[in-house]
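Enquirer: So the protein lines, in turn, are chains A and B.
According to the working numbering, the residues represented by the first sequence are 3 to 110, in order.
According to the working numbering, the residues represented by the second sequence are 26 to 135, in order.
By construction, these hints were calculated from the structure, which means they are not laboratory data.
Each residue gets a CB set at the ideal place from its N, CA and C atoms; glycine is no exception.
Possibly wrong hints are sitting among the right ones.
Some chain B residues close to chain A (C-beta under 7 Å, calculated; not the full set) [claimed, not checked]:
#: 1; residue: E68
#: 2; residue: P69
#: 3; residue: L71
#: 4; residue: Q122
#: 5; residue: G126
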Amino acid sequence: DAMVIQNPRYQVTQFGKPVTLSCSQTLNHNVMYWYQQKSSQAPKLLFHYYDKDFNNEADTPDNFQSRRPNTSFCFLDIRSPGLGDAAMYLCAIGYEQYFGPGTRLTVT
Amino acid sequence: RKEVEQDPGPFNVPEGATVAFNCTYSNSASQSFFWYRQDCRKEPKLLMSVYSSGNEDGRFTTQLNRASQYISLLIRDSKLSDSATYLCVVRRGSARQLTFGSGTQLTVLP
Chain A
3 DAMVIQNPRY QVTQFGKPVT LSCSQTLNHN VMYWYQQKSS QAPKLLFHYY DKDFNNEADT
63 PDNFQSRRPN TSFCFLDIRS PGLGDAAMYL CAIGYEQYFG PGTRLTVT
Chain B
26 RKEVEQDPGP FNVPEGATVA FNCTYSNSAS QSFFWYRQDC RKEPKLLMSV YSSGNEDGRF
86 TTQLNRASQY ISLLIRDSKL SDSATYLCVV RRGSARQLTF GSGTQLTVLP
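Just chain B, same shape as in the assembly:
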């Protein structure tokens, strides 16, 4: 079983739609959680850190459920520029290494 699992998609949604991505992690020692965005043939870029109580940044909202070992990312009012692959990322304890999921591909259609 992979340490971080995501639905690969693709998700094709119209502009203005709300879309949610889910991620599960298998290691209960995971302590820090992130969402990265990766555009086609580009490097991953940090989108948001995920905090215990959930957090919001504009149109983006994250949630964390430690009991279920589940993380989500919600994008409201999708824009064409949101089209990308979204990577769920976890860190075990205070380790320096991050473990990446394979990503969920999003295409926002005009």
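Next up, chain A with everything else stripped away, as it sits in the complex:
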């Protein structure tokens, strides 16, 4: 059974139209991460939670926000997607970071 579930797997949004990506986990791990990965590049950490403690990376744009309403769920909100935000968005849990299958975001 999948430990990390991401929905949707594919998301198409229009330029400037807010979009929310979701991640859930079945292990109740206290650490959850959001990464952005563009083609042929390393996954780039956007932010992570340790329990409810939110940790933003210094270079994460303000356009990206996150919510963690409970241990199992974490959301990535992109307030005004630009063409440059098209990427794979990966959620991971745990210190050794088990990844979900990702959501591929297209911005039109």
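Put chain B on the given structure of chain A with help from the hints.
Expert: Frame of chain A, contents of chain B only:
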């Protein structure tokens, strides 16, 4: 300079070949090291943790040289199914964050 640097490849090798990937890291505070595998359009998956003395898991062997800040992954007897991108990953101290290299692409040819 990137914190984790890898030769991007691609490495194209015949089945049965031995192939080695190298990785260097710039932060001497790095304490934990990993190799992840990422198939095309899929998520990264942990392949191996790298231990100080080096470690082996079947056809895969890792080495760590802290003095040179260098990590390697050796794959023996390559299989078609080994075709993927291999990501070198480091953790600074006890930090919760990992830093990923851009990956080395491997294609094993029949």
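Enquirer: So, for every hint listed, does it hold in this structure?
Expert: Evaluation of the provided hints:
no.	hint	verdict
1	E68	holds, 4 Å
2	P69	holds, 5 Å
3	L71	holds, 6 Å
4	Q122	holds, 6 Å
5	G126	holds, 6 Å
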